[in-house]
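Visitor: Mind docking chain B on chain A? Use the hints.
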Amino acid sequence: MEKLLSEFSIGLFFWQTVIFVLLIFLLKKFAWKPILDAVNEREEGIRSALKSAEKAREEMASLQSENEDTLKKARLERDGLLKEAREIKQKLIEEAKNEANKEAKKIIIQAQETIESEKNAAIVDLKNQVANLSIEIAEKVLKEKLSEDKAQMNLVKELVKDVTLK
Amino acid sequence: MKYYRKLLLIAVALFVGFANGYSTPLNFEKDNEKKGDIKSGIKEYITHHLKDSHSFSITSWKDEQTGEKVYIEVPLPVILYDQGFKFFWSSDFKHGKSVVSSGESYYKLEYHDSRIYKTDRLGQINYDENHHPLNEKPLDFSITKNIATIMIVSILMLLLFVSLAKSFKTNKGISIGIGRFFEPIILYIRDEIAIPNIGEKKYKNYMSFLLTIFFFVWFLNLLGLTPLGVNVTGNIAVTFSLALLTFLITNLTANKNYWGHIFWMPGVPVLIKVVLAPIELLGVFIKPFSLLIRLYANIQAGHIVLYSLIGLMFIFNNLVGSSLSFVLAFFISIIEILVALLQAYIFTMLSALYFGFAVAEHEGDH
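Top to bottom, those sequences are chains A and B.
Numbering-wise, numbering that gives the first Met the number 0 puts 41 at position 42 of the first sequence, and it's gapless, one number per residue.
Numbering-wise, numbering that gives the first Met the number 0 puts 185 at position 186 of the second sequence, and it's gapless, one number per residue.
Bound-form chain B, shown alone:
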């Protein structure tokens, strides 16, 4: 056990080191630009990072001679539904510089909001007064950076836990290797989250969901702290999807008792029953909604703070200020690692709690 703790510590230290070290080559020149430009550059960089992207960029810089941006990135497939499916690679967009023609239509990537718009042959995008594009948007099912990350994490989880299951089988119920680290976590989720909240009788039905969601959120949170710069769990569509599943499972597996408590609260006067029904009904939706907002806001805020502190190093651009913000960024990184685990735990815990409400068997009045 001691060995693993040491290993974990080293891994954490490397994570933090990389996150800080690699994130520093930001895309602006500090020599000949003023501080205001640096600030707006950082702001743009951060807002861009927080969004999903159609390509998996590792790093980028401006070529000194040609003055053009050079990108190191992995192109990802673009899938559009616009009167039939259209496939091409994200590298065809050349970061919003060129128009892609597919079939009869033309598409262009709007760099600022990272969305694909249908355009004419010249790639004209019309904006309203708030700089929102007015062009038609095709349905975008592209394998974006976030989806690629989700796939990678899913494959990682499959490999990890299937190998753990196999090691159990081949080793007579004793885990080996990395499984020794994950087995206690699985047991913790069963013994401390599922059983106390859902109950001994019915917890088994929910274990797969709880375990999957815990490790999925945790791994994605941690991956968000790596220099890959992905922001999956800080994306509203992802957290919405996760919370929606919790919502659906809660309400589809709910028993008569649960609905009874919502629409006709037992043990209170009729007038209060009538008043309580809409409040309780609202609660049904607010509970999962709080889940999705909590995860989204925490991860999003963590990324913003971390990136801002790293950006501060370049704004100060002197030994005292920059090293101070480095130290701050370092400690925020450590806190973010804690938050990554904490948010995964809270999401799982609250999901289990809601499932517990749905299947609770109350005896007598309550």
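Chain A on its own, in the form it takes in the complex:
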């Protein structure tokens, strides 16, 4: 202990304390504070980057599942729509066919009726014309033939020949 005390130098103690305290304050101001701040800032940055990356990953995952859901829904909807469309198409075709058939039948019947009536009218007309014509021809032929006595006679003879007395 005595040796320790004899070794103790007040000058050295004084300078050591002054220099060391000064060193602490200088380093605090110019080194430790900026260094620790920078390190803290960096760590904060890393932490927040990791957090946001995690968040992004979660968002991505949720987005993906959402996408899948939507896709599934869309597919279902599409299937439903397709089915419906097919049904509608089928029905439409069916209806159209029926309608067409009906119409066609109707038209045919009408046509037949028209044809019939036209035919009848034509026949009647033709009959009339033929009758008129025949009468006219007969008249002309008769006028021509019967202008001569001989011919009249021949006709009479002819007619008479045909006439069989029953």
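A hint or two may mislead.
What the hints assert, rightly or not - Below, computed lysine-lysine pairings styled on PhoX-like, alpha-carbon distance capped at 25 Å:
1. A:Lys-2 to B:Lys-201
2. A:Lys-28 to B:Lys-203
3. A:Lys-27 to B:Lys-201
4. A:Lys-50 to B:Lys-38
5. A:Lys-28 to B:Lys-200
6. A:Lys-27 to B:Lys-68
7. A:Lys-32 to B:Lys-38
8. B:Lys-203 to B:Lys-68
9. B:Lys-171 to A:Lys-50
Claimed, not checked - Some residues of chain B that are not near chain A, with every Cβ distance over 12 Å (derived):
10. Glu-67
11. Gly-83
12. Ser-100
13. Tyr-110
14. His-131
15. Lys-144
16. Leu-158
17. Phe-215
18. Leu-241
19. Ile-285
20. Ile-292
Hints listed in this document are in silico derivations from the structure and should not be mistaken for laboratory results.
Quick reminder that beta carbons are idealized off the backbone N, C-alpha and C, glycines included.
Guide: Then chain B, alone, in the frame of chain A:
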């Protein structure tokens, strides 16, 4: 990282090599002196080395022709307070051979205990029976070898860590160069020493002190292993100053809880409270005292062992003995490098622990 490890290894190897290589030219002649003289020479050399000195000596030898000692050294300023400040250079003492006159007074350097004494014109120093000088001592504020070393280390630390701080700023929070080596150490002190011991809430107030003291002690310990032969952290005044700061910071920042635990320990019977109070109060002083003694004793002992082993080489003075002590000195050097780091770590760690006691918030009874 691998590159740095390699670099560190080389640096360590160089350190050890130099420490051994350069320390060998001791100031005694092995040819014409007997072993006893060598032994006492070594002993004197070691005790002298362990002390502070007024000049920064690099090496010295005895001139063959004139028989006088030649010193290679850097003179340092001497500052004395003796009825006013006195300034002169340490080279004026001529290693205790000449008397320096300053103003009305005369001063002489006593070589054996490296102290300055006030003397008469002839430089007479009177001794008591234990060879302790009886002369009056002026207050000595000289920039001694240790103080010069402290200044150099302080400047080194300022340059190093301010440049690290700048590299952070200019490089977007990423350190470059030597800062890459020191940054993990700073983070280690924060994450493994400060936060676990002091707590997340209050550790920031103590970071500057802990970081400064760690690097200060570590660098000075390492510098003590270089051939410069400085012994700063093995000096009681330095360790006392460091421990005193820990003591002051601990007790000045302590909260009510801390004092409550010292003077009126909660949760124990009254009689034990009374008994515990003086013990706890004593502990307040013993804790920093253990810090100062631990650092001082470890570094001092390391230097003594290392120097003794190197000295052994000259005492053996044969191939087997000397090479054996060389190998021993080599391994002790490596261990000392470890001790240098370890003591800095322990000092910082225990300081942090004491700060932690001072600001601890105990909930409920304890």
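Visitor: Hint by hint, say whether it matches the structure.
Guide: Each hint tested on the structure:
Pair hint Lys-2 (chain A) plus Lys-201 (chain B) does not hold up; C-alpha atoms about 40 Å apart against a cutoff of 25 Å. Distance hint between Lys-28 (chain A) and Lys-203 (chain B) is fulfilled; the C-alpha atoms sit about 14 Å from each other, no more than 25 Å. About 16 Å separates the Cα atoms of Lys-27 (chain A) and Lys-201 (chain B), which keeps this hinted pair within 25 Å; it holds. Proximity of Lys-50 (chain A) to Lys-38 (chain B) is assessed by CA-CA distance (about 69 Å); at most 25 Å being required, the pair is judged violated.
Proximity of Lys-28 (chain A) to Lys-200 (chain B) is assessed by CA-CA distance (about 21 Å); at most 25 Å being required, the pair is judged to hold. Taking the CA atoms of Lys-27 (chain A) and Lys-68 (chain B), the gap is near 46 Å; set against the 25 Å cutoff, the hint is violated. Distance check on the hinted pair: Lys-32 (chain A) and Lys-38 (chain B) sit about 52 Å apart at the alpha-carbon level, beyond 25 Å; violated. Pair hint Lys-203 (chain B) plus Lys-68 (chain B) does not hold up; C-alpha atoms about 53 Å apart against a cutoff of 25 Å.
Using a Cα cut-off of 25 Å, the hinted pair Lys-171 (chain B) and Lys-50 (chain A) holds, with the two alpha carbons roughly 20 Å apart. Consistency note on Glu-67 (chain B): stated as away from chain A, and its beta-carbon is indeed over 12 Å from all of that chain's, at 29 Å minimum. Distance check on Gly-83 (chain B): its Cβ is at least 16 Å (rounded) from any Cβ of chain A, clearing the 12 Å threshold; non-interface status holds. Residue-level check passed: Ser-100 (chain B) sits 21 Å from the nearest beta carbon of chain A, beyond 12 Å.
With a least beta-carbon separation of about 16 Å from chain A, Tyr-110 (chain B) lies farther than 12 Å from that chain, consistent with its non-interface assignment. Its beta-carbon lying about 8 Å from the closest one in chain A, His-131 (chain B) breaks the requirement of being farther than 12 Å from that chain. Consistency note on Lys-144 (chain B): stated as away from chain A, yet its beta-carbon is not over 12 Å from all of that chain's, at 10 Å minimum. Consistency note on Leu-158 (chain B): stated as away from chain A, yet its beta-carbon is not over 12 Å from all of that chain's, at 10 Å minimum.
Look at Phe-215 (chain B): its CB is around 7 Å from the nearest CB on chain A, not clear of 12 Å, so calling it non-interface is violated. Not every CB of chain A lies more than 12 Å from the CB of Leu-241 (chain B), the least distance being 7 Å, so the non-interface label is violated. Separation of Ile-285 (chain B) from chain A is adequate, the least Cβ-Cβ distance of about 15 Å exceeding the 12 Å criterion. At the 12 Å boundary, the C-beta of Ile-292 (chain B) falls inside the reach of chain A, the nearest C-beta of that chain being 9 Å off.
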